[in-house]
Amino acid sequence: DAGVIQSPRHEVTEMGQEVTLRCKPISGHNSLFWYRQTMMRGLELLIYFNNNVPIDDSGMPEDRFSAKMPNASFSTLKIQPSEPRDSAVYFCASSSSGAEAFFGQGTRLTVV
Amino acid sequence: AQSVTQLDSQVPVFEEAPVELRCNYSSSVSVYLFWYVQYPNQGLQLLLKYLSGSTLVKGINGFEAEFNKSQTSFHLRKPSVHISDTAEYFCAVHKGTDKLIFGTGTRLQVFP
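So the sequences go chain by chain: Z and D.
Using my numbering, the letters of the first sequence correspond one by one to residues 1 to 112.
Using my numbering, the letters of the second sequence correspond one by one to residues 1 to 112.
Check the hints yourself; a few may be wrong.
List of simulated lysine to aspartate or glutamate pairs, EDC-like, C-alpha gap at most 16 Å [what the hints assert, rightly or not]:
no., chain 1, residue 1, chain 2, residue 2
1, D, Lys-69, D, Asp-85
2, D, Lys-99, Z, Asp-57
3, D, Lys-99, Z, Glu-62
Derived Cβ-Cβ restraints for the label pairs, each shown as a range [to be verified]:
no., chain 1, residue 1, chain 2, residue 2, range
4, Z, Pro-54, D, Gln-45, 18 to 28 Å
5, Z, Asn-71, D, Gln-45, 42 to 52 Å
6, Z, Val-53, D, Pro-112, 46 to 56 Å
7, D, Gln-45, Z, Met-40, 17 to 27 Å
8, Z, Glu-44, D, Tyr-39, 12 to 22 Å
9, Z, Ser-58, D, Thr-72, 40 to 50 Å
10, Z, His-10, D, Leu-56, 34 to 44 Å
11, D, Ser-84, Z, Val-53, 32 to 42 Å
12, Z, Val-53, D, Phe-111, 44 to 54 Å
13, D, Gln-45, Z, His-10, 13 to 23 Å
Because the hints were derived from the structure by calculation, they are not lab data.
Cβ atoms here follow ideal geometry from the backbone N, Cα and C, with glycine treated the same way.
Model the full assembly from the supplied sequences, consistent with the hints where possible.
Quick look at the structure:
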């Protein structure tokens, strides 16, 4: 298995633009997590899905952020409009129930 | 609610010395516990996990951790560190299919 695949690896965009981050979880995993990592706030859970259903989105910072999981093999995290303070590394992770989470390599987002 | 506390933000140590990275958790129910490592510009990688059974858990790269229910701790140890162990280490907890909660991380810096 290729592991959790995230794209793009790097994204530089201008303030106000829409940004879409993509994630392909490991086949057979039923939980998917989106995390954001910054120097100031560390690793924050934004949202997680179980069996494609959003279970907890309390970590989503504001309405500019949205996440979808249309099927078991794909998820997106969208920021619209983006702001400089959204600059961070965004990680996607997947797991089977009760097991460890496997992380992607992350997307480094820079909003200028 | 579950939470994880990593008491040390940075731990400097000389090569071949022993090291302990501390982690305490709070939960009213049984939990699963994990340690992850993050090398620069990479995603998180599982070091070891405690799900049940023996309280002493051995992981990759010579690391081990001990689950102590009475002290609600899951400290990570290695008897002799290498330069290559320099990285950020995260303790994490979750209950079954619940969300995975991470501590703030401990930066291990190994000096020659």
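Evaluated hints:
1. Lys-69/D <-> Asp-85/D: violated (27 Å)
2. Lys-99/D <-> Asp-57/Z: holds (11 Å)
3. Lys-99/D <-> Glu-62/Z: Measuring from Cα to Cα gives roughly 20 Å; hence the hint is violated.
4. Pro-54/Z <-> Gln-45/D: 18 to 28 Å: For Gln-45/D against Pro-54/Z, whose Cβ atoms are near 26 Å apart, the range 18 to 28 Å holds.
5. Asn-71/Z <-> Gln-45/D: 42 to 52 Å: violated (27 Å)
6. Val-53/Z <-> Pro-112/D: 46 to 56 Å: holds (50 Å)
7. Gln-45/D <-> Met-40/Z: 17 to 27 Å: 23 Å Cβ-Cβ, so the 17 to 27 Å window holds.
8. Glu-44/Z <-> Tyr-39/D: 12 to 22 Å: holds (20 Å)
9. Ser-58/Z <-> Thr-72/D: 40 to 50 Å: violated (24 Å)
10. His-10/Z <-> Leu-56/D: 34 to 44 Å: holds (41 Å)
11. Ser-84/D <-> Val-53/Z: 32 to 42 Å: holds (41 Å)
12. Val-53/Z <-> Phe-111/D: 44 to 54 Å: holds (48 Å)
13. Gln-45/D <-> His-10/Z: 13 to 23 Å: holds (20 Å)
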